[in-house]
Amino acid sequence: MTTTATVRPDDASATALSTTELAAVRADFPLLERTVRGGQPLVYLDSAATSQKPQVVLDAGVDFYEQRNAAVHRGAHQLAEEATEAFEQARAAVAAFVGADEGEIVWQPGATAAINVVAYAFSNATLGRGGDAAERFRLAPGDEIVVTEAEHHANLVPWQELCARTGAVLRWIPVSDDGRLDLSNLDALVTERTKVLAFGHVSNVTGAVAPVATLVAAARRVGALTVLDACQSVPNMPVDFHALGVDFAAFSGHKMLGPTGVGALYGRRELLEAMPPTITGGSMVEVVTMESTTYAPPPQRFEAGTQMVAQAVGMGCAAQYLDELGMEGVARHETELAAEMLKIADIPGVQVIGPLDTANRLAVVSFVVDGVHAHDVGQVLDDKGIAVRVGHHCAQPLHRRFGVAATARASASVYTTVEEVVAFREALAGVRAFFGAE
Amino acid sequence: MSTLEQMYQQVILDHAKRPVGHGLVELAAGHGHLAGESHQVNPTCGDEVTLRVDVTPAGTVAGVSWEGQGCSISQASVSVMTSLVEGADLAEVARLDGLFHDLMSSRGKGLDDDAAEDALGDATAFTGVSQYPARIKCALLGWAALKDSLARSGALATS
Ligand SMILES: Cc1ncc(COP(=O)(O)O)c(C=O)c1O
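Protein chains in written order, with the numbering used here: chain A, 133 to 570; chain B, 7 to 165.
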């Protein structure tokens, strides 16, 4: 399995998925065959919320339960051995897919949980847990945590809470009118006081790809740790955490063709080794006495309790599926679909929130329709079998930044076709007339 | 009529465009009037309404005014509700609230009770909305604000 080091969805030398490849991909996804709202074909443009799953991923879960089901990392029987092997192979597959070492991938229920593990590690270290090794995770009043105005609540609220618990101060990088991060004040924002710089790789609202190299360099200059929310990048473009140089990253299985209930935290090995645990209990310990406990090395230290083994196996399978498809091609496909989606900006009354060019952006396009609320837009599209997301997409501050309470959002995945985007555009063009908006 | 047209009845579209009671009115409490205000938010879609109610000493709704932003269903529903409850006594408001909630749980079937549907008047236009589980809370937002503002006014305790 190979992963490419660079992140260039606009790389013209890469090839997109061919029509035949795309047809073959679609045939792998049973749900795409169903009809909705009175027998119409489903046009699923909500993959940024959650993706559909290929048959191999569904089969991997069933196969695990039918053939290998047992608790992992305990028990001396054959099933326990096989279950453990499947679990660890899945970890290796996910690690290879994102440019990490096996020991650097911690299973978590999802990206939200993964980010919270890091935030609470800072809390616990600040309370004195983790000994000398955890010094890097200690916060003092006056220390700062920097996020961005574009964050999903999952990469904002845990940091607000951490600040409230520790007296650290939250600051944020603003967003420009074009939906990209405004880095003009970066040096004033990321300073010696900064202990954490947490940011999304790709916005789940604007589709903009963050300038990771610039942000990582700024954090490194001042010794801050970086936390990358990679939920939207991992499914849709080549991602290599080692090459990106981030300290932590979080992503979810269900957005990358895998099951719900599983995700991963990436942490540089030396940091995971130094980090105190957050969720404690069985399976994450070494020696337990009535007085105290010593903890297992990572990743087990952060995997307390019985794990979601079948889901992890499914996520490993999804990583392999994407890897075989080739992420350079997937990213090309995304760029092509983003260009098709962005043509909605030409429809009278439609305004896109986010970059209008396809460089460094994925096929996640949020928009408002003049005179028609996003919810009503979504309903009219749904009537034609077109599934989009409406609301604030768990990014209220970003919506507030653009002076809107809600947007509608179309997003693509590997199985999305240009024809689907065209159907979406045509339906969208009729929305204002339906509501008599002039 | 398609289910979409059943949801977006002309009455609803009209109310969304020209809402009744829109624009908050200063409440001059006194002369035994009770006044209350409530702010309600639908956290999933960000729809909001701020509603003020003015209740006479005799326990009738003297006036409702509101401000809000949201989808046509939520805004039209506050508007229809406003025209329905102005002048009604608190017992009637409670009955209408109950009937409207029943209508919203009817999965598109309506109330099957002519007297009840007559009482709801234009609000029966929301029958189609009850076929869409995700939209029911849009239609109920204004009713929640009314109930809460009445409770805050103290009128419910005294009546
Ligand atoms: C950018 C981003 N970050 C974080 C999350 C949270 O992921 P999950 O809900 O799977 O924990 C999401 C998905 O909703 C997302 O799009």
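Heads up, some of the hints might be wrong.
Unchecked claim - Okay, the calculated bits of chain B under chain A, using three or more residues with CB under 8 angstroms as the criterion:
| hint | segment |
| --- | --- |
| 1 | 51-61 |
| 2 | 138-145 |
Said to hold, decoys possible - One side only, chain B facing chain A, incomplete, derived with CB under 8 angstroms:
| hint | residue |
| --- | --- |
| 3 | M7 |
| 4 | Q12 |
| 5 | Q75 |
| 6 | G76 |
| 7 | C77 |
| 8 | S78 |
| 9 | L105 |
Keep in mind the hints are simulated off the structure, nothing from the lab.
Heads up, the beta-carbon is just placed ideally off N, CA and C, and yes, glycines get one too.
Notebook entry, point to check: Which hint numbers doesn't this structure obey?
Noted result: 3, 4 and 9
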